[in-house]
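Colleague: Each chain, letter by letter, is given below.
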Amino acid sequence: MSKAVLTGTHYMTGDEACAEGALAAGCRFFGGYPITPATEVAEHMSERLPGVGGVFIQMEDEIAAIGSVLGASWGGVKSMTATSGPGFSLMMENLGLGLVTETPCVIVNVQRGGPSTGLPTQGAQADMMQARWGSHGDYEIIALAPSSPQEIFHLTITAFNLSETYRLPVLIMTDEIVGHMSEKVTIPDEKTIVTVNRKAPKGRKDRFKLYQPGEDGVAPMPAAGDGYNVHVTGLTHDERGYPVMTVDAQREMMNRITGKIHKNLSHILLNERFMLDDADYVIVSYGVSSRTSYAAVEELRAMGIRAGLFRLITVWPFPGNAVKELAERVKGFVTVEINLGQIHLEVERHVAGKTAVKLVGHTGGTIIPPEDVVAAVKDISGKGV
Amino acid sequence: MTGKKKQTDITPAHPLDDLIRTDRIPHIWCPGCGIGTAFSACLSAIKRSCENLNNVSMVSGIGCSGRAAGYIKLDSFHTTHGRAIPFATGLKLAKPDMNVIVFSGDGDLFAIGGNHFIHAARRNMDLTVICVNNLNYGMTGGQAAATTPHKAKTTTSISGNPEDPFNLPLLAYAAGATYVARWTILHTRDLTESISEALSRKGFSFIEVLAPCPINYGRRNKEKSLDSLKLYQEKSIIKNGADPASVDLDFQNGIVLGTFVNRDKPTFYEKYKMINGLD
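Quick mapping for you: the protein sequence lines, in order, are chains F and R.
All residue numbers for the first sequence refer to my numbering, where the first residue is 27 and numbers rise by one.
All residue numbers for the second sequence refer to my numbering, where the first residue is -3 and numbers rise by one.
Wrong hints could be hidden among the right ones.
Said to hold, decoys possible - Selected chain R positions facing chain F (in silico; Cβ < 8 angstroms):
#1 45
#2 46
#3 51
#4 53
#5 72
#6 73
#7 82
#8 84
#9 91
#10 110
#11 112
#12 153
#13 154
#14 155
#15 216
#16 220
Unchecked claim - Here are a few chain F residues that face chain R, going by a calculated C-beta distance under 7 angstroms:
#17 123
#18 214
#19 215
#20 258
Think of the hints as simulated: they come from the structure by calculation, not from any bench.
What you are looking at is a predicted structure, and each value in this text was computed from that prediction instead of being measured.
Note that beta-carbon positions come from the ideal geometry of N, C-alpha and C, so glycine has one too.
So here's chain R without its partners, still in its complex pose:
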């Protein structure tokens, strides 16, 4: 008896499938969106750096990038808007040996959640924070964010954004982050290595990932997904060790990428134990 093969039998397994809740696929991300690439880079880095997958968890906030926690097949927490870092802080302190990853978007981490970001960096909380920066609020249809370039068009700045964006690496550095890097989703190998490095070290690590949002940001700013990738290719300048104060995002003259900060400082928990005379 030959019988028909089921579709699942002939579909080759993706090498990251064991880290994905395949029963939740298809995902919600739009065609041309960069989050999936950043997410795969994160999964690859986890495979590379984390021996015991039971000891890795992901915490997200709200928004398109915040949905990552719903697709990763690890202990994963999709929390409230802006509050992934406080949740991750509690989880980390309850499980000090756990590798806790915060994967969220620019709106979530730097507008509504900005206060938590700077304080976790200041404490040197041992977290790996990955921010997919797509320059706008994608989930709600493309509103201006704390990362939207000046003059860029969004649904809440139809004549152009009157505000200036944050320089995220500078903010992270100034707040006390001990590892700061920026890559784009075009630089998947560097990005994966960077996340892998962050997962292997202790302390507050921050990685900004530039990613296109063709549907909600690109559409209003004459930038298709491939245009964004071309921009990442043509305008990127890899400058490891660059002064974070010099890496303002400048899509005209050059997007500075690289590992900007990598310094050792005791973590919150190490200092907590030391101060209290524990171990």
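Looking at chain F on its own, in the form it has when it is part of the complex:
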């Protein structure tokens, strides 16, 4: 057996760091399908998993890849897949199955320019609304946005921990730029890495209810073969997991799958506040775009404009209350993202006209230069460009 946790300092790409983070989190099944720019995650997992007692399988398409991931998770194994835009689109139906059957797993989207085949080798952040609403029906989802190979390593562990804690698929919404960049990645000692496993059921097996939540809103989850005779269905179901086609059953199930997220927001919402305490202008950004935003904050501060960065690490659920609170005291918001305004819609919605908002975005293929962010902040601050 080789080591699951490669403690030490490495020079690796974001995609490789994602795979290493998964292994450190305890992921032992990967169902993949090649797609630029996420292929390297699959390649790395295919090389590493056999050595740590795991299974890698290259499925026939992305629909099958996520299908196999859900099946493996019900077999009690932490499971993951990685893809990009077109594959992410194909995964949407089974993402819904994972949400409604409350199946822990991690889905990585290394975003590229879209729509359709788009810009396979160039980055974008234009699948952010798809991450939130891509599968049909109402639901809550958790999506994390890492901004560097080092962060993708840690956030992949976090993604597994959140998925196991709250029994749902967790999305890692990275992008081609972070996925393909090589940087220093420090992997800590195995003993210092906190990993979470799904809550196991207790008590009599014949009285067990698959979807009877505990106080945290989350139900314990057995694996197939544990003797609980579970029934798992994508149909609307009751606490036993049995299909029930009623308005009440639908409401109760929906309240459960959304409520467990609403109840635990303080644990789920991760973000970084950079020079935000005294800021007049808030830059809201995430992933690779947040990296150019740091430079903009510093440049603006040097000019005497009090700018700060609100970096979203958890993008979904969106930290609406934090934005609302900031909107009470600041003079303007600038959203920085590589799309035509997706998270910006959330910023606008929560600022609700209380102060100025502006988008710095473009149609994809490259990063957003700091000077564009500086210009936008200067623009809303009335100091001109």
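Fit chain R to the given chain F structure using the hints.
Modeller: Chain R alone, transformed into the frame defined by chain F:
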């Protein structure tokens, strides 16, 4: 005190009740439907072949046959349309010693899920795939499927189906399945034995079960449930070892049944371990 006996006290237990979620009965299958018979054959085969029932699970897709997973009292998974096989693949690889049964319909397994079927067969994934072939999409009211005979009437081919159906055993064989059989629900004993055999062996096993759908298919093709059974009785030719290329379904001249393929090949997981130098 004598007291009235409850209804449940005087109802004799069915010998398969311990494998059924009796609290979910009545089931949704129509009168005259053949799925129940195929399902009971599967349950009987499980009883016969599987010692540890905790180590058996059923995965279904969507459709009438896909509801089987909801009635079996084992770990059971009712997944998305066409995707039972990928789900079962992941489950099997997480639990390599588990007997994983895929029980679904022809529309689910061979139209929307056709790609997954051929790839699981090619990999020789150790699954037992049972396809109830009722020649149409029953759940949605009787539309043409990839198995609907040429000229047959359905709600999406009211003047007759312009397409030809798949020969499922040939497809399974060509894709690499190591066990291929076809029976009808009239041949329950053979069917049960066949499923039992499939459950006891390793590798990708495929069993096609012809079953009537009187409400949605039969009604439009002048075929009542008993007519279908008569057809199965009169036109069936049992020909074990028949060349899969010769077993196109022909309801006029003869329906070839039997075990067509039974060959040994290493499974995906065996090959995975071998290639990676494990155990």
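Colleague: Does each hint fit the structure? Answer for all of them.
Modeller: Quick rundown of the hints versus the structure:
With a least beta-carbon distance of about 17 angstroms to chain F, the hint placing residue 45 of chain R at the interface is violated under the 8 angstroms criterion. Hint status for residue 46 of chain R relative to chain F: violated, with the closest Cβ pair at about 12 angstroms, above 8 angstroms. Given hint, residue 51 of chain R at the interface with chain F, holds; its Cβ is 6 angstroms from that chain's nearest Cβ, closer than 8 angstroms. The closest approach between the C-beta of residue 53 of chain R and any C-beta of chain F is roughly 5 angstroms, which is under the 8 angstroms cut-off, so the hint is satisfied.
At about 5 angstroms, the closest approach between the beta carbon of residue 72 of chain R and any beta carbon in chain F falls short of 8 angstroms, and the interface hint on this residue holds. Taking 8 angstroms as the C-beta contact cut-off toward chain F, the hint placing residue 73 of chain R at the interface holds, the least distance being around 5 angstroms. For the restraint placing residue 82 of chain R at the interface with chain F, the shortest Cβ-Cβ distance is roughly 3 angstroms, inside the 8 angstroms limit, so the hint holds. The beta carbon of residue 84 of chain R is positioned within 8 angstroms of a beta carbon in chain F (closest approach about 6 angstroms), and the interface hint is therefore held.
Below 8 angstroms, beta-carbon pairs count as interface contacts, and residue 91 of chain R has one with chain F at about 4 angstroms; its hint therefore holds. Here the hint on residue 110 of chain R is broken, as its CB sits about 10 angstroms from the closest CB of chain F, past 8 angstroms. With 8 angstroms as the threshold, the beta carbon of residue 112 of chain R comes within range of chain F, its nearest partner Cβ sitting at about 5 angstroms, so the hint holds. Because the closest C-beta pair between residue 153 of chain R and chain F is about 26 angstroms apart, greater than 8 angstroms, the hint is violated.
Checking residue 154 of chain R against chain F by beta carbon gives a least distance of about 30 angstroms; that is not within 8 angstroms, so the hint is violated. Checking residue 155 of chain R against chain F: minimum C-beta separation of about 33 angstroms lies over 8 angstroms; hint violated. Proximity of residue 216 of chain R to chain F is violated relative to the hint, the smallest CB-CB distance being about 27 angstroms (cut-off 8 angstroms). For residue 220 of chain R, the suggested interface contact is broken, since its CB lies about 29 angstroms from the closest CB of chain F, more than 8 angstroms.
Interface hint at residue 123 of chain F: satisfied, since its Cβ lies 5 angstroms from the closest Cβ of chain R, which is below the 7 angstroms cut-off. Annotation: interface hint on residue 214 of chain F violated; nearest CB of chain R at approximately 28 angstroms, more than 7 angstroms. Violation of the interface hint for residue 215 of chain F is found here, the shortest Cβ-Cβ separation to chain R being roughly 27 angstroms, above the 7 angstroms cut-off. Hint on residue 258 of chain F holds. Least Cβ distance to chain R is approximately 5 angstroms, under the 7 angstroms limit.
Violated hints, listed in ascending order, are 1, 2, 10, 12, 13, 14, 15, 16, 18 and 19; each of the other numbered hints is respected by the structure.
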